[in-house]
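J.: Okay, here's what each chain looks like letter by letter:
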Amino acid sequence: MSIPLLEVRNLQKFFFTTRGVVKAVQGVSFTLDAGETLGLVGESGSGKSTIAYTVMGIYTPTGGQIFFRGKDISMPHEKRPLALKKELQIVFQDPGSSLNPRRSIGEILALPLSIHGNHRPGTREEQVRELLRMVELPPEYVSKYPRALGGGEKQMVAIARALAVEPSLVVLDEPTSALDVSVQAKIINMLVEIQKERGLGYLFITHDLSLMRNIAHRVAIMYLGQVMEMAPSRVFFEKPLHPYTRMLISSIPVVSEDEEKLKPQKVIPRGEIPSPVNLPSGCVFHPRCVEREERCSREEPQMKEVEPGHWVKCHLTGA
Amino acid sequence: MGKRTVWGKWWYKFSRNPLSVVGLGIVCGIVFVALFAPWVAPYPEHAGPYVNYGEANRPPSFSHPFGTDAFGRDILSRVFFAFRSSLLMGLVVLAIVVPVGVTLGLVAGYFKESWLDVFIMRVTDIFLSVPPLILALAITSVLKPNLTNAMMAVSVMWWPWYTRLVYGMATSLRNEYFVQSAELLGASKFHILFREILPNCVSTILTKMTLDMGWVILIGAALSFVGLGEQPPKPALGTMVSDGARYLPEHWWMAVFPGLAIMLIVLGFNLLGDGIGDLFSLEEA
Amino acid sequence: MSQPLLELQDLSVHFRVYGGYLRVLDGVNFRVAPQEKVGLVGETGCGKTTTMKTIMRILPQPPGIVRGGKILFKGKEVLRMDTGEVEQMRRREIAMIFQDPTAALNPVFTIGEQLFDAIRYATGKETDHRFLHEVAVRALEEVALPDPARILTNYPIQLSGGMRQRVCIALALACPKELLIADEPGTSLDVTIQDQILRLIHRLAEERKMAVILISHSLGVIRDWTERVWVMYAGTIVEEAETQELFARPLHPYTQALLRCVPKLTGEGIAKGIPGRIPDYFDPPSGCRFHPRCPYRMEVCSREKPRLYGTSSHQVACFLYQEGKR
Chain X
422 MSIPLLEVRN LQKFFFTTRG VVKAVQGVSF TLDAGETLGL VGESGSGKST IAYTVMGIYT
482 PTGGQIFFRG KDISMPHEKR PLALKKELQI VFQDPGSSLN PRRSIGEILA LPLSIHGNHR
542 PGTREEQVRE LLRMVELPPE YVSKYPRALG GGEKQMVAIA RALAVEPSLV VLDEPTSALD
602 VSVQAKIINM LVEIQKERGL GYLFITHDLS LMRNIAHRVA IMYLGQVMEM APSRVFFEKP
662 LHPYTRMLIS SIPVVSEDEE KLKPQKVIPR GEIPSPVNLP SGCVFHPRCV EREERCSREE
722 PQMKEVEPGH WVKCHLTGA
Chain D
4 MGKRTVWGKW WYKFSRNPLS VVGLGIVCGI VFVALFAPWV APYPEHAGPY VNYGEANRPP
64 SFSHPFGTDA FGRDILSRVF FAFRSSLLMG LVVLAIVVPV GVTLGLVAGY FKESWLDVFI
124 MRVTDIFLSV PPLILALAIT SVLKPNLTNA MMAVSVMWWP WYTRLVYGMA TSLRNEYFVQ
184 SAELLGASKF HILFREILPN CVSTILTKMT LDMGWVILIG AALSFVGLGE QPPKPALGTM
244 VSDGARYLPE HWWMAVFPGL AIMLIVLGFN LLGDGIGDLF SLEEA
Chain P
223 MSQPLLELQD LSVHFRVYGG YLRVLDGVNF RVAPQEKVGL VGETGCGKTT TMKTIMRILP
283 QPPGIVRGGK ILFKGKEVLR MDTGEVEQMR RREIAMIFQD PTAALNPVFT IGEQLFDAIR
343 YATGKETDHR FLHEVAVRAL EEVALPDPAR ILTNYPIQLS GGMRQRVCIA LALACPKELL
403 IADEPGTSLD VTIQDQILRL IHRLAEERKM AVILISHSLG VIRDWTERVW VMYAGTIVEE
463 AETQELFARP LHPYTQALLR CVPKLTGEGI AKGIPGRIPD YFDPPSGCRF HPRCPYRMEV
523 CSREKPRLYG TSSHQVACFL YQEGKR
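Residue numbers (the numbering used here), protein chains in the order written: chain X, 422 to 740; chain D, 4 to 288; chain P, 223 to 548.
Each hint should be verified, as a subset may be incorrect.
What the hints assert, rightly or not - Label-pair distances were calculated between CB atoms; the ranges are: (1) P:Gly-346 <-> D:Ser-284: 54 to 62 Å; (2) D:Tyr-15 <-> X:His-638: 31 to 39 Å; (3) D:Pro-21 <-> P:Ile-280: 58 to 66 Å; (4) X:Gly-730 <-> P:Arg-314: 54 to 62 Å; (5) P:Gly-346 <-> X:Leu-737: 49 to 57 Å; (6) X:Gln-686 <-> P:Arg-314: 36 to 44 Å.
Just so you know, the hints here were simulated from the structure itself, not pulled from any lab data. A virtual CB, placed ideally from N, CA and C, is assigned to each residue, including glycine.
Starting from the given sequences, assemble the full structure and let the hints guide the process.
T.: Laid out in structure tokens, this is it:
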């Protein structure tokens with residue numbers, strides 16, 4: 422079995438604030454192989470973005486380790502060698518603020534090339550035009566500024582910029598959440614195609630479960646810093662076991678009867694999402710769980726593999 | 004449907020505010036007059052050592068629209084030449100102050116909470132805590148009074164304002180996603196400071212620079228008012244006001260017209276400054 | 223058919239910019255019946271917000287200019303109303319809630335202060351503090367906020383996103399209104415919270431016999447919560463139908479393409495998107511504004527603009543369906 426591209430082992434990230442300790446991530450483990458998309462899904466406060474930023478080195482882990490191709494990379498970004506920096510790239514959610522409004526598209530795309538790409542064929546201009554071609558944007562855009570582009574086009578520039586350095590792993594933090602559905606469709610298809618061509622690994626974060634169903638090979642659902650369930654995509658959606666997963670999937674607005682039939686029985690979401698400063702005792706989901714039992718408030722459940730590749734953290738499932 | 008050119012767009016944005024256009028007109032007028040003073044002034048030789056007591060103390064007339072001073076020199080011509088030293092002071096001071104102040108502000112802001120930040124900002128605070136005019140007076144009175152030293156003195160007390168201004172912007176800009184993206188790509192600190200953060204500060208800096216032209220000139224006039232700037236017989240607006248003040252109220256024109264000239268400069272740059280801000284804003288036309 | 227509560231007839235709105243005009247709204251036709259729950263679906267830049275702002279008379283003019291058409295609310299022409307009538311309309315008859323509840327609440331005032339203001343304006347009654355407090359508490363209870371008395375003393379920053387959105391709804395509906403315009407409610411919130419908010423809006427609309435215009439770019443939300451849908455593209459309505467009908471039989475090529483682009487829970491993959499981009503309003507396409515991107519375009523589509531045509535349960539603005547062509 423080859424070494425996974427990315428391995429996260431028992432990752433913990435706490436933030437120490439004046440209001441208390443925010444346990445954003447508590448003991449999360451997963452692997453990601455080349456050519457695979459792992460989806461992280463969850464609501465606000467679930468810790469999914471924190472994991473993404475910690476993998477990138479924007480945050481340093483409080484506990485646990487991160488391995489890239491077997492080497493420990495659990496250090497802040499500034500300390501990483503340049504060769505490692507190019508291997509992991511991130512695309513942020515808001516295309517409006519990830520591009521410098523005062524620099525032209527050409528300048529924005531030339532930056533990664535001037536730092537990492539000197540071995541490529543062609544002049545800098547040709548390389549930039551090649552990047553634009555890859556994301557199906559016209560070459561005239563080289564001299565345009567971000568404000569002249571639509572949200573989707575800006576995001577495509579951000580993706581082209583991330584891919585310019587030829588990374589092996591791309592973290593995508595809600596890349597299409599701010600975009601219209603037709604633009605999202607174009608971008609997602611492009612991402613999938615590029616993944617197939619280059620064998621990239623994607624760590625894909627979104628709250629949109631329908632989107633996840635169509636892009637992820639495996640899905641992990643997070644709640645308050647912990648993974649509640651993790652399974653291959655089809656299994657996750659057709660046989661969700663964790664009450665939280667069922668609650669979320671049953672709340673998705675869908676557009677056809679076929680999809681309605683696929684949804685688990687409606688679980689009306691109740692309560693607010695608690696703050697990560699004040700974690701509930703026992704199972705962190707128990708206050709909002711409609712199926713909870715007595716021991717759920719006392720004992721924290723263990724993560725169990727109930728069938729090959731399908732992990733659940735719940736007292737009510739599994740052996 | 005009309006034509007849309009790049010220059011046209013700039014003008015459209017700028018001219019939304021008619022006062023900015025007025026400011027531009029005033030400043031252009033002053034610059035023109037200052038540049039071409041030897042040819043535009045009716046009596047260019049009056050700006051040098053010239054004396055004609057026969058023509059002294061004449062009130063405003065057709066041949067001397069601003070009247071003449073106690074030495075018989077045409078005040079209008081002297082005002083035109085005085086604009087030269089005023090504008091020169093503004094330009095030189097800003098040329099020194101802006102690069103220094105902005106760079107310090109960028110560095111301190113980006114490296115916030117490091118020893119660099121603390122050091123730079125505390126020095127800035129020290130300079131800012133001394134009343135500006137006092138500082139300028141102190142420096143010029145220690146050195147020989149002339150235009151160059153006046154410019155040095157004003158520069159020394161002016162740079163901290165730019166540091167403060169840019170510090171505030173840099174501290175918030177460094178958290179923007181586009182700066183993080185550049186960092187994650189492995190860009191050098193130089194690139195991040197000067198190619199990512201600075202371009203986003205340019206609009207505010209340019210606006211301040213335009214407004215500052217007026218204020219520096221005003222401080223310069225204050226210095227020459229007490230005799231610490233451009234020395235006679237070269238004309239300076241402040242000196243002309245202080246000389247003319249002695250003859251108030253009978254020969255009122257000797258103080259009033261140079262005073263109005265100072266006011267016009269400050270007004271012109273202030274109005275222009277507003278327009279510059281609009282010009283560089285990120286909104287589309 | 224009985225008189226509609228709100229009707230837009232051929233509304234056209236332009237914006238003055240450098241070198242010409244942005245011709246954003248191009249003959250918008252739209253109708254809401256009393257107590258009807260209507261969805262307005264369209265992507266970014268299609269003009270839905272401009273339309274709502276024009277209805278509420280909060281469109282900045284200049285640079286906005288109404289070039290033609292009428293807006294009728296309860297039979298009265300909105301665009302001709304004087305200031306007094308407009309205020310009356312905003313305080314007593316139409317309510318609006320916005321997408322981002324955080325931006326809609328003033329951060330330096332307590333919830334109570336903002337709610338009291340809203341009640342004062344809506345009822346026109348004066349400052350009997352006890353009366354205001356009672357009405358305010360009741361308004362917060364109506365939106366299922368726990369411990370209303372304490373919330374009145376809170377500042378917006380102390381509440382969660384979902385609670386802020388509920389407060390906005392309470393503010394809008396502090397006194398009964400006939401029409402609620404909800405612009406992407408809950409879009410910035412988590413899907414479970416959004417579900418609660420939409421459920422709440424639906425319940426309030428039923429109880430108070432209120433009409434609702436639900437604006438959203440999410441087709442799933444529209445399908446679950448509306449009776450009739452209007453599809454907007456580039457400043458014009460291209461299709462309208464009863465909700466079931468629209469999703470079962472979408473007719474306009476744009477609607478069809480849009481539905482294909484929505485990711486499905488069944489996992490069959492997503493369509494490749496719609497070729498081209500939204501039109502430049504400065505120089506929009508002639509005739510049907512969708513024709514440059516339409517796979518079925520014909521010669522007439524670039525010459526003439528199609529009008530809405532069909533039955534009372536389904537109308538579409540497309541030459542494929544007119545003059546008995548299909």
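J.: Taking the hints in turn, state whether each one holds.
T.: Right, here's what the structure says about each hint:
{"no.": "1", "hint": "P:Gly-346 <-> D:Ser-284: 54 to 62 Å", "in the structure": "41 Å, violated"}
{"no.": "2", "hint": "D:Tyr-15 <-> X:His-638: 31 to 39 Å", "in the structure": "52 Å, violated"}
{"no.": "3", "hint": "D:Pro-21 <-> P:Ile-280: 58 to 66 Å", "in the structure": "26 Å, violated"}
{"no.": "4", "hint": "X:Gly-730 <-> P:Arg-314: 54 to 62 Å", "in the structure": "59 Å, holds"}
{"no.": "5", "hint": "P:Gly-346 <-> X:Leu-737: 49 to 57 Å", "in the structure": "56 Å, holds"}
{"no.": "6", "hint": "X:Gln-686 <-> P:Arg-314: 36 to 44 Å", "in the structure": "42 Å, holds"}
This entry does not satisfy hints 1, 2 and 3, going by the numbered hints stated previously.
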